[in-house]
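Protein chains in written order, with the numbering used here: chain B, 19 to 426; chain V, 19 to 426.
I should point out that these hints are in silico values taken from the structure, not numbers from a laboratory. You may find that some hints are simply not true.
Same chains, same label: a pair holds when it works inside one copy or across any pair of copies.
[As the list claims (entries may be wrong)] Derived lysine to any residue pairs resembling SDA-like cross-links, with alpha carbons at most 25 Å apart:
1. Lys305 / Glu294
2. Lys305 / Ala413
3. Lys221 / Arg178
4. Lys244 / Arg331
5. Lys305 / Pro179
6. Lys221 / Pro179
7. Lys221 / Pro38
8. Lys20 / His223
9. Lys221 / Gln177
10. Lys128 / Gln80
11. Lys45 / Arg306
12. Lys304 / Asp168
13. Lys221 / Ala162
14. Lys247 / Arg415
15. Lys221 / Arg77
16. Lys244 / Arg276
17. Lys221 / Ala408
18. Lys304 / Ser367
19. Lys247 / Arg210
20. Lys128 / Met19
21. Lys45 / Ala117
This structure is a prediction, so every number in the text was calculated from the model and none was measured.
2 protein chains.
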Amino acid sequence: MKPIAEQLAIIRRGTVDVLPDEELVAKLRAGRPLRIKLGADPSAPDLHLGHAVVLNKLREFQDLGHLVIFLIGDFTGMIGDPTGKSETRKPLTREQVSANAATYQQQVFKILNRERTEVRFNSEWMDRMGAAEMVRLCSHYTVARMLERDDFARRYAEQRPIGMHELLYPLIQGYDSVVLRADIEVGGTDQRFNLLVGRELQKAHNQPPQVVLTLPLLEGTDGEQKMSKSLRNAIGIADPPEEVFGRLMSISDALMLRYYELLTSENVAVLRAQMESGRLHPMEAKKRLAEIVVARFSSAATALQERERFERRFQRRELPEDIPTFEWAEVPSAAVPLPRVMTLSGMASSMSEARRLIRQGAVRVNGRRIDDVAFGVEASDEAVIVQVGARRIQAVRFPVLKNTSQRG
Amino acid sequence: MKPIAEQLAIIRRGTVDVLPDEELVAKLRAGRPLRIKLGADPSAPDLHLGHAVVLNKLREFQDLGHLVIFLIGDFTGMIGDPTGKSETRKPLTREQVSANAATYQQQVFKILNRERTEVRFNSEWMDRMGAAEMVRLCSHYTVARMLERDDFARRYAEQRPIGMHELLYPLIQGYDSVVLRADIEVGGTDQRFNLLVGRELQKAHNQPPQVVLTLPLLEGTDGEQKMSKSLRNAIGIADPPEEVFGRLMSISDALMLRYYELLTSENVAVLRAQMESGRLHPMEAKKRLAEIVVARFSSAATALQERERFERRFQRRELPEDIPTFEWAEVPSAAVPLPRVMTLSGMASSMSEARRLIRQGAVRVNGRRIDDVAFGVEASDEAVIVQVGARRIQAVRFPVLKNTSQRG
Numbered sequence: 019m020k021p022i023a024e025q026l027a028i029i030r031r032g033t034v035d036v037l038p039d040e041e042l043v044a045k046l047r048a049g050r051p052l053r054i055k056l057g058a059d060p061s062a063p064d065l066h067l068g069h070a071v072v073l074n075k076l077r078e079f080q081d082l083g084h085l086v087i088f089l090i091g092d093f094t095g096m097i098g099d100p101t102g103k104s105e106t107r108k109p110l111t112r113e114q115v116s117a118n119a120a121t122y123q124q125q126v127f128k129i130l131n132r133e134r135t136e137v138r139f140n141s142e143w144m145d146r147m148g149a150a151e152m153v154r155l156c157s158h159y160t161v162a163r164m165l166e167r168d169d170f171a172r173r174y175a176e177q178r179p180i181g182m183h184e185l186l187y188p189l190i191q192g193y194d195s196v197v198l199r200a201d202i203e204v205g206g207t208d209q210r211f212n213l214l215v216g217r218e219l220q221k222a223h224n225q226p227p228q229v230v231l232t233l234p235l236l237e238g239t240d241g242e243q244k245m246s247k248s249l250r251n252a253i254g255i256a257d258p259p260e261e262v263f264g265r266l267m268s269i270s271d272a273l274m275l276r277y278y279e280l281l282t283s284e285n286v287a288v289l290r291a292q293m294e295s296g297r298l299h300p301m302e303a304k305k306r307l308a309e310i311v312v313a314r315f316s317s318a319a320t321a322l323q324e325r326e327r328f329e330r331r332f333q334r335r336e337l338p339e340d341i342p343t344f345e346w347a348e349v350p351s352a353a354v355p356l357p358r359v360m361t362l363s364g365m366a367s368s369m370s371e372a373r374r375l376i377r378q379g380a381v382r383v384n385g386r387r388i389d390d391v392a393f394g395v396e397a398s399d400e401a402v403i404v405q406v407g408a409r410r411i412q413a414v415r416f417p418v419l420k421n422t423s424q425r426g
Numbered sequence: 019m020k021p022i023a024e025q026l027a028i029i030r031r032g033t034v035d036v037l038p039d040e041e042l043v044a045k046l047r048a049g050r051p052l053r054i055k056l057g058a059d060p061s062a063p064d065l066h067l068g069h070a071v072v073l074n075k076l077r078e079f080q081d082l083g084h085l086v087i088f089l090i091g092d093f094t095g096m097i098g099d100p101t102g103k104s105e106t107r108k109p110l111t112r113e114q115v116s117a118n119a120a121t122y123q124q125q126v127f128k129i130l131n132r133e134r135t136e137v138r139f140n141s142e143w144m145d146r147m148g149a150a151e152m153v154r155l156c157s158h159y160t161v162a163r164m165l166e167r168d169d170f171a172r173r174y175a176e177q178r179p180i181g182m183h184e185l186l187y188p189l190i191q192g193y194d195s196v197v198l199r200a201d202i203e204v205g206g207t208d209q210r211f212n213l214l215v216g217r218e219l220q221k222a223h224n225q226p227p228q229v230v231l232t233l234p235l236l237e238g239t240d241g242e243q244k245m246s247k248s249l250r251n252a253i254g255i256a257d258p259p260e261e262v263f264g265r266l267m268s269i270s271d272a273l274m275l276r277y278y279e280l281l282t283s284e285n286v287a288v289l290r291a292q293m294e295s296g297r298l299h300p301m302e303a304k305k306r307l308a309e310i311v312v313a314r315f316s317s318a319a320t321a322l323q324e325r326e327r328f329e330r331r332f333q334r335r336e337l338p339e340d341i342p343t344f345e346w347a348e349v350p351s352a353a354v355p356l357p358r359v360m361t362l363s364g365m366a367s368s369m370s371e372a373r374r375l376i377r378q379g380a381v382r383v384n385g386r387r388i389d390d391v392a393f394g395v396e397a398s399d400e401a402v403i404v405q406v407g408a409r410r411i412q413a414v415r416f417p418v419l420k421n422t423s424q425r426g
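Next comes chain B alone, as it looks inside the complex (with noise of 0.2 Å):
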């Protein structure tokens, strides 16, 4: 193993706490592999670069010769919420959740050393578990303290119901550290509160107690919210090569930034002064990173060959050489309004789709972004290149002209 101040340098990096420090010191002192908890969520199988975050700290710990466990909380998903109010989630089958672990588990391997991880389900203890236990569980934490939790503390105060079984999951998460017997939790810092009940819980289990470590909330593709596929400002760590690489492209060059400091072990501060000094290219710097992050989920062949697709397409101005081409079978009177030639062709599948499309900026005519829905295709001789998005792309050929000119 490598020396500890080294260790500790790879494992502070980044992180928002580190609670408390002197016994991540210690336990790394003891020199024996650590057991580095993630719980996971099994009903959004779905990670994104905001998990990643969380992931590449793990793997820093699996390069150091640390052991993660991956726990999934089958358990809870498989309770749900009968209740059915708002923020609920709705009780998985036991299909539900394998499929959903199994998904994960594809997911997270194109980051973490599938050797020394080792996945864990908590229905394993929970499913065994008595009411009795549950009660004893409950006695080693008051309810004062349990609505000190940011979101707890917000709802009672605005008087929004909070359903009694939502006080149990933090304690039921908590115990997993206890069976688990681990040493460190990672989590967001939105877990804060929930790894410091697992601490408690050691402790009133007569177990050393978790180190609490915590990464921050990445913000998504737009820069302002935390990532979250619902706010479709996410990157999938299983979308496709192609969409990654295109997506990271277009984020701005300080969120760049702070990718590069949370996604990569690259050096910010010698970035920076590069693009400062003009040395690097801020597009330049944006292909690596990409390049980078590719490079993890998929392989570095793909990352080249995506970076490579990238510069053809939207920077050498190039079209690729198999565009499908749409024939306009007649000779139209005027200018067609780029709906219908979107419906025409294929590429919507209906006019308020294509009017959509145009008003979110997705649809491109000769290169040119258009949002205008009234905007007329002009038959020319040369085939017009419609593009929608970064991978939906057409060249539609008019009959018009050439007749006219045979007429003419």
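Go by the hints and put chain V onto chain B.
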């Protein structure tokens, strides 16, 4: 079964709440024997007159043809409170619970009709309940509503700790009503909240909710605080008949009417009128009350016997015939301090106990209350009668004067 109007009059008598009254009427209209639940805590098996108020009401239900479900909450008793904080209950062993349950039954069947009583233990279903079911149970109630319970609200406001498990107990108690399909639950007014939780949980389980019927908390013999063993103002159901009779004779006239109302089916208005018009002496009314209560817990014959004993001892100032006698061995040179007389004759186990009893006003010499610990007992030809409390009595005979007179 009696007509509904008649049943209602009996059931409503002395109650504080009938929630909701119209559902009680509807349930009675069904014409079937109703299931009347009473929950009991096995950690304190000594019942007193305060409990008798509720038990009397149950007995009335039985006399009307309904069924009583006597539920012993052994599950929570066996969990106890492992945090060791104040206001805790120590977990009971299964043996202690069984012993307490036996004591309980012995006592309740002084009032209840055994034929129309079903005794149940909630460990029957709670021991089988899993943690998942517990979480589901919790989902039927919100934290805010639970914290509305008086004692929780007070402790929360005063920032005194409330263990999370304490919030589970009302739910478990309420769930008992679900399992038992209770039609009505009876309890003291301090149980109103818990009984209403049962109602809610039955609704959540698609059952007709129980009617909640609360009865006043009986004041102790001091006439001020709620009757409670720990406040030493309680008359126990299992106390010796002589003591029950004597202590009832010691209460105030006002409290006597309260006890009549809550512990008997006598018409209190009539009694009050008779006393005010001078047709009934309060002392006679009190003796009747004591007779009624003793007759219920023992037998009519015992009650009569206790009445006669009381009259002999405290009213006709007669002494029991079989009064034990202590013969003083040597001639005392002077008056003997009363504590010494008491210890030597075995009426107190030590000088300090004797002094305490005297200071408490529990000791009489020849019928006169003595509260001076320095009081000296003069030798006399006649036996000196020393009484401690109502029941310990002894004659002390001195050889002194006889010897002196022989000498003189």
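Structure-based check of each hint:
no., hint, in the structure
1, Lys305 / Glu294, "within (17 Å within a copy, 102 Å between copies)"
2, Lys305 / Ala413, "neither (28 Å within a copy, 110 Å between copies)"
3, Lys221 / Arg178, "between (32 Å within a copy, 22 Å between copies)"
4, Lys244 / Arg331, "neither (30 Å within a copy, 86 Å between copies)"
5, Lys305 / Pro179, "neither (47 Å within a copy, 56 Å between copies)"
6, Lys221 / Pro179, "between (31 Å within a copy, 18 Å between copies)"
7, Lys221 / Pro38, "within (14 Å within a copy, 47 Å between copies)"
8, Lys20 / His223, "neither (32 Å within a copy, 59 Å between copies)"
9, Lys221 / Gln177, "between (33 Å within a copy, 23 Å between copies)"
10, Lys128 / Gln80, "within (14 Å within a copy, 70 Å between copies)"
11, Lys45 / Arg306, "neither (36 Å within a copy, 77 Å between copies)"
12, Lys304 / Asp168, "neither (36 Å within a copy, 61 Å between copies)"
13, Lys221 / Ala162, "within (19 Å within a copy, 29 Å between copies)"
14, Lys247 / Arg415, "neither (38 Å within a copy, 98 Å between copies)"
15, Lys221 / Arg77, "neither (27 Å within a copy, 50 Å between copies)"
16, Lys244 / Arg276, "within (13 Å within a copy, 66 Å between copies)"
17, Lys221 / Ala408, "neither (53 Å within a copy, 55 Å between copies)"
18, Lys304 / Ser367, "neither (34 Å within a copy, 93 Å between copies)"
19, Lys247 / Arg210, "within (22 Å within a copy, 47 Å between copies)"
20, Lys128 / Met19, "within (24 Å within a copy, 75 Å between copies)"
21, Lys45 / Ala117, "neither (36 Å within a copy, 50 Å between copies)"
Comparing the model with each numbered hint stated earlier shows that hints 2, 4, 5, 8, 11, 12, 14, 15, 17, 18, 21 do not hold.
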